[in-house]
Structure formats: C-alpha cells, structure tokens
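Student: Sequence:
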Amino acid sequence: MSKLVAIVGATGLQGGSVLKTLYAADGYKIRALSRNPESDSAKKLAAKYPDVEWVQADLNDVSSLRKALISVDVVFAVTDFYQKDTLAKVAAGDKDAEFTQGKNIVDAAIDAGVNSIIYSSLDSMKQLSGGKYPDILHLEGKHKVEEYISSKADKIKGYFIYLGVYMESYVRFSRISPEDSQTVEFTVPLNPTTKIPLVDTANDTGHVVKYILEHPDECLGKVVEVSGGYYEAQEMANAFTEATGKPARYTQIPYEAAGMYELSQMFKAFDEFGSFGGRSDFLEYNKEMDYTFVTPVEFWKNRNWNGPSK
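The sequence shown begins at 1 in the UniProt record's numbering and counts up by one.
Hints listed in this document are in silico derivations from the structure and should not be mistaken for laboratory results. For clarity, every value in this text was computed on a predicted model and none was experimentally measured. C-beta: ideal position from N, C-alpha, C; glycine also. A portion of the hints provided could be inaccurate.
Pair ranges (Cβ atoms, derived) [what the hints assert, rightly or not]:
1. Glu288 <-> Ser63: 19 to 25 Å
2. Ser309 <-> Leu220: 44 to 50 Å
3. Tyr166 <-> Lys287: 21 to 27 Å
4. Val171 <-> Ser63: 34 to 40 Å
5. Ala47 <-> Tyr82: 44 to 50 Å
6. Ile110 <-> Glu214: 19 to 25 Å
For lysine-lysine, the following BS3-like pairs were computed, each having C-alpha atoms within a straight-line distance of at most 27 Å [said to hold, decoys possible]:
7. Lys144 <-> Lys103
8. Lys155 <-> Lys29
9. Lys67 <-> Lys103
10. Lys29 <-> Lys3
11. Lys84 <-> Lys103
12. Lys144 <-> Lys95
13. Lys144 <-> Lys89
14. Lys157 <-> Lys20
15. Lys126 <-> Lys195
16. Lys103 <-> Lys152
17. Lys301 <-> Lys246
18. Lys126 <-> Lys222
19. Lys246 <-> Lys144
20. Lys44 <-> Lys84
Given the sequences, and given the hints that come with them, work out the whole structure.
Tutor: Structural data, given as structure tokens:
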C-alpha cells in the first residue's frame, strides 16, 4: 500500500527535490502543501507532476495545516527563515517567528494523526560555539523545532536532515572580475582554508529523504546530514573552470559584506567552528545509499551556466 507523504514547502528547492524523487519512485502518493496552490510555481509543478495532490495551507494557521494533513502518513517539512513575512516578523522583534511556524506544523501533524515527520533542521551554533554565536536565527529557529519534535516522541516519530551549504548559493556569490572581464569571481566571506559541506539541493535532498523513508527504524530520532563532502571556496571556482572552460577564482570578502547581521555571524562561525560541527561521519552514511551525490563539477555542468552577465 502506498504511503501518503505531505510535502511542506513543495515549491522550494528542498521540497521540490523530495517531490521529484518520490514521484519517480514506487510506493508513494504525494500531497503538496502550498500557501497559494494557484501560484505560477505551483502550477508549473502541477503540470509536470500531474498525479500530485495540491492543498492550500498556511504555516501561520494551524487549522489550515491540520486540515491539509488529514490521512497523511509522513510529513516532510522545511521552514524558511528568509521568507518575506517571516523576516518582517523578526524585524518587528519576533525572534521565534520560524520556530512558531515549525511548531504549528508539528502540532497540526499530531492533531491529524500523522505517524512521522521528517524535518529539515540545522545545528544550533549557539550550542556549538558555547554561546559565542547566539543570534544566527535561521539556525536556532530550526534547531528549536527539532528539539520540540523530539519532545513529542510519544506522539509522533521524528527524523531530521541537516543540509550543507547550497551549491546554488555560488551563483549569487558570483560576479565578473573587476580586473579581468574574462574571469568569473566568486566572492565568499570565508577563509581560504575553511571547508564547508556543500549540497546540490535540488537533486541530493530527495534521495536522502527517500533513504529515511526506506530505513525508518535505522534513522528514527537521528540526524542525517545531506552533503557529498567538504569543499573550500576555491574548489568550487576550480570546478566551475573544469565544467565550463572559463577562468574563475575565489576572493575572500569581509564578513559584513554578507549583508544581514546574522549571515555575517554565520560565516564567522563557520570559519571558527565549521558547519555540521566539523562532523564527517555522514560520508560513511552516504556509502549506504543507492545514490551518488552530485560533485561541484557535475553541479556546474548540469547547471549549464557560464557565469554572470557583464
């Protein structure tokens, strides 16, 4: 009998990856939750995946979530700190805006009788740094949701994934070099020797979620990191050159150039404490999966992108 999997955030990179992977697999029915199923992005996915059921739900409205999760076996959920409405609440002083949305999902899932939730969480840098970096809110909010799910273990089974830094971010980090118009420059506020875990979000995420669904006892209550490995920023630039033939380099920029205060704090913390807390055990975990993670060179080749416009 097919499992009914609800995807919260189906129009995003993570949710879209889960949708794509499970749609191609046997044994799953998919219910995609969206605040606006009539949006262009939702309609595009609905046309591409015609057997997916689309349901309206608002993460700030528990009743709409509860209704959307009736008869669901498993929820995959990701919350987005950088969503416009969430940022507005944070700016108004509500530092728990993302946590509240995650809590709403969990409470609605429990009320609806959902068996399991797979939540896209992250490490608490406040904990990893011994309190030195307490205000990286997109990390703290997600981790607080993870802790809330764990506290409800008698009511719902909790599974957690931690994604590495999106390879897709390097597109935003790019510019044409001011010194050489033929060279693509990746400007990243990280030390040249800092290695961070990277992930091709749109492709890798769904396969890890599928692995968890296929190994529920083994993964229960555990964190599964989603990344093919640790890379320096220059390695992403080298991979771009290998994939496209165009010269590229990494240039370190000040932390403050990241924009938001919490992002500048995040990069400082990565330099000092690493992402994933420097853990590498997930690389052994990856070997158990019937999937090969996308490498930086493959990412750039698949992207079919030759650099920013001049």
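Student: Are the hints correct? Go through all of them and say.
Tutor: To see whether the hints hold, each was checked on the structure:
Between Glu288 and Ser63 the C-beta distance comes to about 40 Å, which lies outside the given range of 19 to 25 Å. Distance hint check: the CB atoms of Ser309 and Leu220 are about 48 Å apart, consistent with the given range 44 to 50 Å. A hinted range of 21 to 27 Å for the beta carbons of Tyr166 and Lys287 is consistent with their spacing of about 23 Å. Hint check: Val171 to Ser63, Cβ distance near 38 Å, so the stated range 34 to 40 Å holds.
In this structure the supplied range 44 to 50 Å is violated for Ala47 paired with Tyr82, their Cβ-Cβ distance being about 27 Å. Taking the beta carbon of each, Ile110 and Glu214 are about 24 Å apart, inside 19 to 25 Å as hinted. Annotation: proposed proximity of Lys144 to Lys103 holds, straight-line Cα distance about 9 Å (limit 27 Å). Between Lys155 and Lys29 the alpha-carbon distance is near 23 Å, which keeps this suggested pair within the 27 Å criterion.
The hinted pair formed by Lys67 and Lys103 meets the criterion: a straight-line CA distance of about 16 Å does not exceed 27 Å. A distance of roughly 6 Å separates the Cα atoms of Lys29 and Lys3; the hinted pair therefore holds under the 27 Å criterion. Only pairs whose Cα atoms come within 27 Å are accepted, and Lys84 paired with Lys103 is accepted, the gap being roughly 19 Å. Taking the CA atoms of Lys144 and Lys95, the gap is near 12 Å; set against the 27 Å cutoff, the hint holds.
Between the alpha carbons of Lys144 and Lys89 the distance comes to roughly 17 Å, so the proposed pair stays at or under 27 Å and holds. For the hint pairing Lys157 with Lys20, the CA-to-CA distance comes to about 24 Å; that is within 27 Å, so the pair holds. A distance of roughly 20 Å separates the Cα atoms of Lys126 and Lys195; the hinted pair therefore holds under the 27 Å criterion. Among the hinted pairs, Lys103 with Lys152 is consistent with the structure: their alpha-carbon atoms are about 11 Å apart, no more than 27 Å.
As the CA atoms of Lys301 and Lys246 are separated by approximately 12 Å, the hinted pair is consistent with the 27 Å bound. Between the alpha carbons of Lys126 and Lys222 the distance comes to roughly 20 Å, so the proposed pair stays at or under 27 Å and holds. A hinted pair counts as satisfied when its Cα atoms are at most 27 Å apart, and Lys246 with Lys144 does not qualify at roughly 43 Å. Between Lys44 and Lys84, the direct Cα distance comes to roughly 22 Å. Compliance with the 27 Å bound is thereby established for this hinted pair.
In the structure shown, a violation is registered for the earlier hints numbered 1, 5, 19, in ascending order.
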